[in-house]
Each structure stands twice: as structure tokens, then as C-alpha cells.
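4 protein chains.
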Amino acid sequence: MSAAPGSKGKVLLAYSGGLDTSCILVWLIEQGYEVLAYMANVGQEEDFEAAREKALKVGASKVFIEDLRRELVEELVIPTIQANAVYETVYLLGTSVARPVIARSQVAIAKREGCTHVSHGCTGKGNDQVRFELAYYALDPKLQVIAPWRIPEFYHRFPGRNALLAYAAEKNVPVSQTPSKPWSTDENLFHISYEAGILEDPNVTPPKDMWKLTVDPEDAPNTPERITIEFKAGKPVRVTNEADGTDVSDALDLFLYLNTVARRNGVGRIDIVENRFIGIKSRGCYETPGGTVLRAAHIDLEGLVLDREVRAYRDEHITPVFGKILYNGLYFSPEGDLITKMVPLTQANVNGSVRVKLYKGTLSVEGRWSDSETLYDMEQSSMDVQGDFEPTDSDGFIKIQSIRLKKWGATIQQQQKKY
Amino acid sequence: MSAAPGSKGKVLLAYSGGLDTSCILVWLIEQGYEVLAYMANVGQEEDFEAAREKALKVGASKVFIEDLRRELVEELVIPTIQANAVYETVYLLGTSVARPVIARSQVAIAKREGCTHVSHGCTGKGNDQVRFELAYYALDPKLQVIAPWRIPEFYHRFPGRNALLAYAAEKNVPVSQTPSKPWSTDENLFHISYEAGILEDPNVTPPKDMWKLTVDPEDAPNTPERITIEFKAGKPVRVTNEADGTDVSDALDLFLYLNTVARRNGVGRIDIVENRFIGIKSRGCYETPGGTVLRAAHIDLEGLVLDREVRAYRDEHITPVFGKILYNGLYFSPEGDLITKMVPLTQANVNGSVRVKLYKGTLSVEGRWSDSETLYDMEQSSMDVQGDFEPTDSDGFIKIQSIRLKKWGATIQQQQKKY
Amino acid sequence: MSAAPGSKGKVLLAYSGGLDTSCILVWLIEQGYEVLAYMANVGQEEDFEAAREKALKVGASKVFIEDLRRELVEELVIPTIQANAVYETVYLLGTSVARPVIARSQVAIAKREGCTHVSHGCTGKGNDQVRFELAYYALDPKLQVIAPWRIPEFYHRFPGRNALLAYAAEKNVPVSQTPSKPWSTDENLFHISYEAGILEDPNVTPPKDMWKLTVDPEDAPNTPERITIEFKAGKPVRVTNEADGTDVSDALDLFLYLNTVARRNGVGRIDIVENRFIGIKSRGCYETPGGTVLRAAHIDLEGLVLDREVRAYRDEHITPVFGKILYNGLYFSPEGDLITKMVPLTQANVNGSVRVKLYKGTLSVEGRWSDSETLYDMEQSSMDVQGDFEPTDSDGFIKIQSIRLKKWGATIQQQQKKY
Amino acid sequence: MSAAPGSKGKVLLAYSGGLDTSCILVWLIEQGYEVLAYMANVGQEEDFEAAREKALKVGASKVFIEDLRRELVEELVIPTIQANAVYETVYLLGTSVARPVIARSQVAIAKREGCTHVSHGCTGKGNDQVRFELAYYALDPKLQVIAPWRIPEFYHRFPGRNALLAYAAEKNVPVSQTPSKPWSTDENLFHISYEAGILEDPNVTPPKDMWKLTVDPEDAPNTPERITIEFKAGKPVRVTNEADGTDVSDALDLFLYLNTVARRNGVGRIDIVENRFIGIKSRGCYETPGGTVLRAAHIDLEGLVLDREVRAYRDEHITPVFGKILYNGLYFSPEGDLITKMVPLTQANVNGSVRVKLYKGTLSVEGRWSDSETLYDMEQSSMDVQGDFEPTDSDGFIKIQSIRLKKWGATIQQQQKKY
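Chains as they are written, first to last, in UniProt numbering: chain C, 1 to 419; chain Z, 1 to 419; chain V, 1 to 419; chain G, 1 to 419.
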């Protein structure tokens, strides 16, 4: 399983089938490596078999295509939903969640196949180089990483697309005839991202035909669609749609069904400027159809069933930290390990169902209930029923709270300060 | 200005013109107080003059109607937007923001008029009793508060609406002929809330005719509407709508215009279960039309102009704290004072404009720009242009970040743990 | 097991043997209750048998004396040390940690004995009333609490010590002949507190003879004493003292030995002003001999073995929260439950030994090592050895970190601002 | 003012007079630069004039010696004390606080003298390279930095001390005859650090003669010394010592006097393992005599005068963040700018005096008072005096707090869970 004689060693290249990684594949062979191609199926639209053939044609000694969709949903997407994790208030971390499963699978195959190196086609300005490499290093500290877009002899040789095309022509690398879009994308079953190209001007409105996953809200059906999502311990366990009789409970199927419903109703688009890990600001557009619905439903249910202080603790001390860990590629790290163990501790009581309406890009919760949880108490909540509540207690509650406020107010008055 | 001879003193009652506070007014007189009625115009739909007459008719010695709309917008709503403050992820604090201006104005008038007491009609289970009273005590530690709904002889005498109606009849208190709605509301120019009554079952979908401020998304126009909001130091300073030639820059006018646009496009509804300060869970439905738009635009602009770490600091250390302070009625407190002084420190660079599209309940940002801020750098951000960026630097960045991860990864491997 | 006929029910009174709770015991009987006396042995200096006799003499129908020392150490003290929990930077929570075990044991006996009520002698201004009662209510929501010092007919009848003495004389309650100290104390094996009386003036230096647990540093031995503390998973598992051959490993014995060593060397005194839960400022003096040593050693070891980000997470998100939960009596609460489950997740690698020197009130760490943990790497740390470290990597690390700083610096320069 | 013809430009080198920076000075000239030497007087023990002569002798075209002691105390040390800033619970940031003033002064001179480059002698593994360079880049984004210990041709040429000595001999660089210590130090008026060499083994106890600033506690006087420190707005404004009649109020003098007292009483030593910014663990010993006293007194006074919630906010949201910013060299950054503006907002009421006793390494507060602040209220605090406090209020306070705990407790019971 060791590399061919004379070789600098075996490299497992994260391969996409596109122009960049095809040229990298050839270039690595040129540098004296044996190259094995690695592709992850994380739910993106892709002709994997065509990519396999292309990899072999341009010189890969082996090709691995791994279906990681289930582990992506079960190990990354669902914990992200449980934690309500988000980056900078609005970004649902669609690219970030896929990186750990891809890197872990790539490292495992590299180990099995005796590769001393792994490689990828990420640029030197983005987040993904960091996410992949920090994961590689944490998972196998001895692995060597080849990042051609950060190697001067590579990036000086290929200053732009034309240089790559010329190289491809010279090396007989097949090139797709589809004209390239004026932006780049990254897709998985959780989301698709659009960035670069014409989007670099943050005031350019994305063209209508850019959005790929979701229908334009204006073109969505004129009647709302309603579904019910059931959670157990904060995990979605069942989605039903009475109108069409849908009833799914497998984690992957359920997630794909949520995608379908959200896509056709135009739910899940955002357009933002974010701060990359390396400190550069960047504009991105994202579609996260099913994830947007799931997140909203989960947050809603927590209102019904989570204790106030547990919710507040999670919101302040887990949600933003987990978001940052995922965004910065630190899922495989001591802190990533810690936080992923903390999330389930907050979710034991997140049991119940949420009724959601989707309509032309809007998403609204129409009701929720829980059969097992009892923190919400209709009678206690009622303004009409007194229950076992003694209104005079509130008197003492307020009076005691006011002790330090009165002291402070008196000080202010005395010092003739003004609000 | 002292109370009439034989009186227990003067009470300034927060008066709404409704059945409850009218009966409280009469009851206070019955208890031996001189009662002055106080009404705050915070933008709610109300016939203030009718209420004035009613107060006088039932025995108020004076009536004060204060227009607090501008200070509500300038001192509370805008700082809330600047801080992106929110309670429990989703509630925009619409009721909370009005309480401080109302309490402050009521205390000022009480002081001026020589009142020894203030009173209100809040129940003993809600947040508003706490918000009003903590503000009263902080602003004037010597004021006495009369909260009839927490006084046993009052609440035992009036166990329900019928007892109040009987008392009103007995005392010649005019009663509105409009049948009361099966929920209660609180309205100001920022929002309206609906709670109690049929809404106490969290799985009951609110009836279509409950929503008062916003058009049902399904009934909203079939074509989107587009506006541009300009911010200076995080404050909205101008809203334009090219389609109809609108161009407003006064803070109050601008906010009211945003309400108009958001209302007609069905933007700003939520339906949630929240945790009250006193620890009871409660279901509430809210409409916050203009505020929803303003908040989204402000968050978007910050992506373009705020430094990453300043944004993160604010998000983690100011946003949730300010939200909790407002919700719990602690605006007038040492910590409220501190946090409101901190907010502007984070907003100096929040200068620029955001283009927003509204359509059938959806709200989307279509672009943003800033003439003065330069942290976003199109060239630096670009994946095509190298600028003064040296890709090899990322190598060192990643390698140094990986030092502790490799140590940890090696430990894990050695201990034969598994991810 | 139900109360005697004619009785208002059985009350389990937290009894100390002192004047207050003896009078309360008699008063409760006078009110028509059957009273059972409950005493917790949490390591305080106390003649439990004398107290038992006294309780029976003044009318208790039963007396329970529970030895809670081991559970106090194992369930409360050690987790507190693991979390480095502290309140307001300096207070080691010595009173707070004892309350949960006492309340839990009292509730368990109340349940077993068919008591419908529990009672205590805490005043209405302090923290302990809150700590006990919140624990009672969480552990058994149906229990009724009798807090005489908050019942007007009790506290008006006994406005001061003399009234209690007169009542004691009238009711044949034996009274200790020892003159009472001009401060009050609370003691357990973790600490002793002094407050009230002459200490209420925060500028009064406590008299030398107040301090009971520790020798005055000036009177401590003139030669240092050295011990070694070994931790496993953040828990102390062995203490050795080569000088005198001590070698203890039982959790309780080990803790008591640390107390002995710290006491004779004058370690563990503080004198502070703190903020009580109810919002009143209060001055307290505390001695926490063994706890002070254990905490310092634990913090030191974490420097050697804990990952930086795990340590930072714990320091920012667990340590202060746990401290506040303990101080405010919320150990038995949803958030207390959550945080106590989180603590051990951070301690898996806290394995190793710390060498500590004690001398006349000072406490210093002289060295530490770990046989199992490897994050500290002498070669990597070395300024002389390069190891597998490439100095040029730091170049990229710094350059990338500087991207956003340069942008910001340029903006500042351009706007002619000044630092 | 431009560089000499044929020169690669002018470099302003941070020069210490030692072997390393003297060799760097010569080497930079060898590389074709004109070198100006920069020395900062931050209170370290140093023969500045001898160093000046040496710099000129080995080829510096100019030498600058800047007295930064006052700005170090006023702009960095005091705000650090105000914020109670600390890194990893115990490190008082002694090295970190000096870096911003040094870097700022060096950048200002570089600008004035037309230097295109700055240089320093920091190694590639430490924190100081990062602290200096991030400050340089933020203060003047166009400055070029030369860090010889990260340039392969430099560090390969000088792999150890012997190579530097040989180079010094060859280039006639005078070398100190004092044998070098088996550790390295960094000193300023706030502290001295010891690291590397024999200290790299974290279990080696530092030799008694290593500690330079403070007397060994065992050799300190046998009688305690007492001083009083007065603060205004959180800043020390006066220190008095009745025993010897000292009374100082100038910020710099006052700080130097605190150093004197603390040094002779053996106060301020620590020995820790910390986590460097670049992720390597490192052992350091530190003496921070005056700073240790000042910090303890400041924390104590805050107990008396700061509102509970302001203190908690500062402790959780400012203290650790400021510590991390200083440690990581981000004082000149958007977040550093923000946090330094926040600190004074928390200190307005920190007015009063603290009485401190120093004795053989121990430091204890013996009393404190404030003439202007009134949050501490002896009567309110008193357990004997009722004041305007109504004990029944605590009833309501506790009952309301218990609402959600009872709900939770009932749930636990129902689910037959156990604590």
C-alpha cells in the first residue's frame, strides 16, 4: 500500500471534477506524487460517475466516492439545530457543517490507503482551507497537507482561469463546455452558497436566476402549505403533512422532505456580508431551505418546554460559541469536543410538536404542543385564573428587587444627576 | 399642591380609559385618595379626549395626556435597534420599550403635582407590574405604589369581569358597548401584543381577524415594494422609496413610514411562548412592522461596516444583556445605565444604506453600501484578485492554529479514543 | 406517622441548639404544631448530643442528627473546586456549599416522617433563607415552609435578644451561659463565616481573637511546610507530606488533613463586602483553610494540563455561573442541574500533582507534573530548541491576524483620529 | 531624513543592549539597512547610557531612549487595575501592559525619522513578537517589520548562543562578562518575568536567588506593615503609611512607592504554566509587587461601592475580555479601543479608601470606607436593625423565584428522576 517507487508519496486529493482540482490532480502527478481522488457525496447535485471517470482519465490511481449524507444530517446538521447555532446572527453555517464529515472521511481513507499527504483545491483567502486543514491536523497530526493555491510555484504558474484552461488543453484534461457562472457555489443537502464574481460588489442584487435551490417567493404557490414537525430530545423525529398524507420519520428522509417543502415555497434565502476567519469581509448569498424551517420550529418549541434559565444559558454560552467553532473549522478540537457534549444536556426536555405554515418565502408557526412536558401551565399562565398563585407574592418580589434600585436612585438624586 | 384635607394623599393613576382602570380610579377615591389620571400617548390607537372626559366624569381631579412618541422612538426604540436587542431570540421587546418612557413621565408629573402615590392597573402575574414599579422606585425611591390587583381586598372584591361591571354600574362608570375580545392587547407605535384568553392554549392558531396592525401576507400586494434605509452611527436617518417618491428623515416620521410600508406588506408577525420575569411561561403574539424591517436592515449594514471582533463583542456581551434588562424592567438601573452608554460606543462606524424588499410577509435585503466606511474591501475580498495578500501567509496562520490541535490529536490517538 | 390529633401538622425544624431555634421550637409547639428537630453535621464544632437533649427537653417529638460530611465534600466541595467556582472574585462559597446537602437531607426526613412543614431560623435579610427555601421547593414542591423571622407576629413579639431570653426563661428553655460574641458565625468543614455585630462597620478591623479556624499568620511556624496534592479528573485523590510521612487518599480524610495543615499555617482568611441575593451589601469575614489550598493547586494544575480554549470556556462560561448558582441557592434547579453535569466534561484531563508550600499565611506553588497528560511539551515550549516548529509560520500567523487591524488602522489614519 | 544612498532603507530597531539585539543591529547593517536604535525606559533596571554608547559603537546611526514610565502607569497599568484584568485567573499581565506604550513610541519615532522598517529581537515562539507587530501594523499599516529570529537565513546562521558570540567577536561587538542566567527575564515597573532555561521543566522549583524584585517571604520583616490606598473613579490617587509618614499622590510616585512596600514584604510572586497566543504552553514565574497590592485593594473597594449587577457585568463581560486583549497584543484594535472606553463607565463610583496589611508575603485588607458612596448601608445590612425593610417582602421574593423551580421539581418527581 506504500507509494510507487520513485514517487514522493501518495496524496489523497479532495476532488470535485471541476477544472481546478483536475488541474491540481495532474500537477501533483507532475510533481512526482501518486494521486488518489476523493469525493464526498454530501447531497450536492453532481454526476459522481462522470467525475470518477474523469479523475481516472487524468491520472488518479484510485477514486473514492463516499456517501456522507446520513452522517452529515445526524452528526452535524441536527446538533447545529439543537444548539440553534448561527454565525453573526444570520448565517446558518451551511458550508461549515459539511467540512468535518468530509475531512474525517478523507483522513480515514488516507490512513487506510497509506497516503502521507492530503490535498485540496481551496484558495488561500477563504475559510475552507482553514476548516479542512485544522480538521486534518487534529485527526491525524502526522498528515502532510498540500494546498496548491498557497504554493507560489503553483499560483504564479496559474494566475487565472485562462492559464488553467491552457494547462488542461496541454494535459488532455476534459473541460466542461458549460460556460462558468459569474459566481462560485458550494452545495450540500443543508444549503448552497453563492459568492465571488459579480457578488463581490455588496450592492449588486443577485440575478433572479442565480438562486438554484428555492423558488422565487413571487413564483411560489398562492396557497400556503402546512406541516407539523415533532421533536424528541431536540431532534426532529417526524414530519407530517396532512394535505398530501406525508409522514416521514427517518432523519435523512425527513430532512430531505423539509427541503422539498421549503424549496417549493421559496423559504430560506439570505444575502449577507460576513467576516471570514482570516479577517477579510466577504459577501455571500445562501439558500438553506429545510434548515431554516427546522431551526424556526426548534426555537419555537424550546419556548414551550425549556426552562428559562437553561434556555438563557444555552443562548448566551453555547449557541454563539458553537457557531463560531463550526464557522472557524474547530469542530475537531478540545473546545469542539466539549461543546458538542454540552448540547444534548440542554435538550432532554425538548419534546413536542410544532405546526408550521409556509407561504411565498414566509415561515410562520401556527401552534405547538407537548404531550410530555409540563413547564407551560395554562392555568398558571392565565390572567383569568388565579390557580395557586398569590398576587401579594409579587409585591415582595418587586420590593426586594427594588432594594438596590432605590439605593441607587437615592444616590443619583443626591448627586443631582439626571437620567 | 398638597392633597385635599382628609385625603390619604394624591395618587397619579396610569389610566387607560378601560373598565379596569376606571373602576380602580373610583375605588381609590373610595379608599380616601385624591386621584389624578395619567395617560401616555405612545402611538396606540386611542380616543384620548374621550378617555379624558371619562376620567373626569368618574372623579379624577386632573387628567394628564402626554405625547411620548418622539422620546419613545429616539430614546428607546432606536437604541434597541442599535443594540439588535431581542429577548429569547425572537421577541422584539415591543411592550418593554414603552415602559421606561411612560414611567419616567408619570413620575415626573407625580413629583410636579405633589402626588405621594402612583398606581397602575397591571395584574400580579405579568411583566408590566415589575417594569413600572422598578422604574418608579429607581426614579423616585420615596414614591408609594398602589397596585390594586395585588391587594387582597381589591382582588377578592373583583374576582372577575362581572364584578367589575356591577361596580361600574353602581358607580355610574360608563362602559364601552363594544364586546370585549377574547384576548388582551397592548399597543404602541413599535408594536402590538396579543395574549391571554383563547391564546392561552399555545396550540390554538390565532384567528385571522386578531392581527390588527399588519395585513395578512396572503392579502398583501402581489408585487414587491422596495425601500432604502440610511443609517448614521447606527441610527436610521433617512428612508426613501423611489417608486412613490417618499423621502423622510425625521426620526419619528421615518419610523411611522416604515410602519406603513411594513404593515401593508404583512411584515412583522410572530407567535411565541416566552418566559416572564416572574418565572411563568406565557404565550404571546406580536406585530412589530417597522421595527422588524429596521432591525433586519441594521443587522445587515453591520455586516458591511463593523469590525468582526466589535460585532462579536456586541453580539455576545451587549445584545442579550440589553434585551434582558429591557424585558425585566431594569432600564433605570445601574446596569441599564451602563449598557445604554455602551451601545453608542459600538455604533460609530455604522454608516451606510441598505436596500430592502418587502413582499407578502417576507423581507429581504437586496444590497447595501457605505460611502464612508472602508473595512469591506472588494479587492481584498475577491477570489480573483490577489491584492496585497500573500497566500503563503495563510499557511503560517493555519500551522500556528494547529499547534495545540496536533498536540490534542496526538493525545487522543495515544489514548486510543475515537471521535 | 401523621401528626398528633389536634395538631396543625408535623414540622421538621432545622435546629441548632442555640437560643433562636430553641425559642422557635417552643413557639411552633405553642402555635399547635408537632415539632421534630433536625440537625446536620457538616463538620462544625458542636456538641450534638447536648443539642439533642435540649431539643427533646424543650418539646421536640423526635430529633435527627445526620452526618453529611462526606456528601458535603464529595458532592459539593469537590465540584466547586473542579469548577474553580467563586462569587464576586474572592468569596469561596463556604456557606453556600453546605446548604444543598442540608436541605436535601431535611426534605428527605420530612418526607419519611410525614411532615407537612419544614422550618428554619434564618432571618429575612440574608441569603440562607433563600438557599434553604428554594431547595425545599425544588425538592418537594408541596412542602410548606415556616420562616418565623418573616412572620410579623413572631418578629414583633421578639424584637431583640432580650425578648427571646425572657421567653426562654418563661418556657424553661436552657440558655448557654457563654456570653454571646459581638458577631455571628456559620461553620462547616469547608469554612467559617463571621458577620453582623461589630463587623457591620466595614472599616472595623476584626479583633485578633475573632478568627477561630486559622492561626494568625504572625503566630504561625517560622518554617514553611510542604505538601503534594494529586488530582485525577480534577478531583483530589491523594495528599502527601514527606516531612511527617502523611499520605491520605480518602476524600473526606484528605480534605480534613488539608484543613489541618492550612489552619496551622494561617492560610485562608478573607475580609470582604459582598452583595447578597436580595440586593443588600454585607460585610463578611471568612476562613476557608483547606479549600483555599485545594483551589490554588487545582488552578495551577489546569495550567499544565487543560487545553487553552477549554480553560477559557470554563473560566468564562462555567466558573462564574456556577458561583452565582451556588451563592443564590439555585443548586437544585434546571440550571444547577445543567452546570453540574457540565463541570466533569471539562475535567477529564486534569490529572497530575502539585507541590505547595505554606508559610505564615502565604501559599505558593513550587512545581507541578503530570504522568499522563502531554499538552505541555518541554521541547515545544523551549526557547532554545526548535523542535518541529518553523519560525516562519509565526510570520503568516501575525500577517493574517493583522489584515483587519491594518484596515482599521488605515481608516483611523484617514479620518485623522488619534489613539 | 531619507535613508543613505544605496541603503535598503532605515530600520528602527528595538534595542536592549544585550547580545541578541546587538548582533541583530550589526546584521541589519550587513544586509544593507541604515539602523537606528530605539530603547524604551519602562522602569527596568538598565544602564541606558552604556547601552546608548554600545549601540553607536556597533553602528547605529542614531539612538533614542524614551522614558515611558508615566504613560505606562497612567494609560496601561491603571486601566488594567480598574478592569481587574487578568489572564487565565492568575497572570497579572506584567509584560503585556508594557508592549503597547513601547510599540506606539517606536512607531512614532519611526515615522518622524522616516524609517520604512521597524525591527525587534523577539523569537518566533513567543507572545511578544505578536504583541509588537500587531501594534505596529495597527498604528502604521504601511510599516515593514523585520523579525530576524523568523528569517531562515538569520536563524540558521545563528543556531545558538555560541554562534552569536562568534559573530560578536568577529564584528567587535562588546559582550558583557556577566555569566548569563539559566533563564530569561523581562522587566518593567509593573513586573519582572522569568522563563525558559531551567524553568522549562514545570516541576523545577525556581532557585531562591532567581527572584529579584521581592524579598523572600521568609526573609521579610517580622512585623507587618500597613498602608492606606485611596481611589477616585477606580484610580489610585493617594497612598499613606502612618508609620513612616509617607503620603504620595502622583500616579507614578504612588505606584513606585507601592512597589517598594510590597517588595520588602515579599508580596507579589507567582509561578504558573500559561497558554501562549500561538498555542504553546509555557511556564513563567512573575513578580508583580505593587500591582498585586493595588489589584487586591481595588477589588476590595468595589465590594463596598459598586452595584452588584455592574460588578457582575464587568466581571463577566469586561475583565476576561480585556485580559485576553492585552495578553494577545490587541490593545490597538477595534475591540481594544472599545473595551478601554468601556472600563471608565464602570468606575465612576469607585471612590474610597482601603487599609491593607503586608506581612511575609501575605496581603490582607483590614478595612475600607467611602465618604461619597452610599450603596453600603450599615443599617440596611444590619441583622439587628430592621430599618425600612419588611421581612415579609422576602416571602414574596422567594415564592416568586420558586414558581419555576416548583414546576421543575414536580416534573422531576413525576418522571421519578432523582437528584
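Source of the hints: derived by calculation from the structure; they are not laboratory data.
Careful: at least some of the hints might be erroneous.
No copy labels: a pair is met if it fits in one copy or bridges any two.
Heads up, simulated DSS-like pairs for lysine-lysine below, C-alpha to C-alpha not over 30 Å straight-line [unchecked claim]: (1) K181 x K111; (2) K406 x K235; (3) K357 x K208; (4) K357 x K235; (5) K232 x K111; (6) K406 x K232; (7) K142 x K406; (8) K212 x K62; (9) K8 x K357; (10) K57 x K357; (11) K142 x K208; (12) K235 x K341.
Bear in mind that the values here come from a model prediction, so they are computed numbers and not experimental data.
Status of each hint after checking the structure:
In the homo-oligomer, the alpha carbons of K181 and K111 never lie at most 30 Å apart, since the shortest distance is 36 Å inside one protomer and 47 Å across protomers. In this homomeric assembly, K406 and K235 come within 30 Å of each other (Cα to Cα) only across copies, at 27 Å, whereas the closest approach inside a single copy is 46 Å. In the homo-oligomer, the alpha carbons of K357 and K208 lie at most 30 Å apart both inside one protomer (24 Å) and across protomers (14 Å), since each shortest distance falls under that limit. With identical chains, the CA atoms of K357 and K235 are at most 30 Å apart within one copy only, with a shortest distance of 20 Å there and 34 Å across copies.
Taking the closest pair of Cα atoms, K232 and K111 never come within 30 Å of each other, the shortest separation being 37 Å inside a single copy and 33 Å across copies. Proximity of K406 to K232 under the C-alpha cut-off of 30 Å is restricted to the inter-copy arrangement: shortest distance 23 Å between copies versus 46 Å within a copy. In this assembly of identical chains, K142 and K406 lie within 30 Å of each other by CA distance solely across copies; the values are 8 Å between and 63 Å within a copy. In this assembly of identical chains, the alpha carbons of K212 and K62 never lie at most 30 Å apart, being 32 Å within a copy and 64 Å across copies at closest.
Proximity of K8 to K357 under the C-alpha cut-off of 30 Å is found in neither arrangement, the shortest distances being 58 Å within a copy and 55 Å between copies. In this assembly of identical chains, K57 and K357 lie within 30 Å of each other by CA distance neither inside one copy nor across copies; the values are 49 Å within and 48 Å between. Taking identical chains as interchangeable, the C-alpha atoms of K142 and K208 are never at most 30 Å apart, the minima being 46 Å within one chain and 42 Å between chains. Proximity of K235 and K341 under a CA criterion of 30 Å is satisfied in both settings, with 15 Å inside one chain copy and 20 Å between copies.
Violated hints, in rising order: 1, 5, 8, 9, 10 and 11; the structure is consistent with all others.
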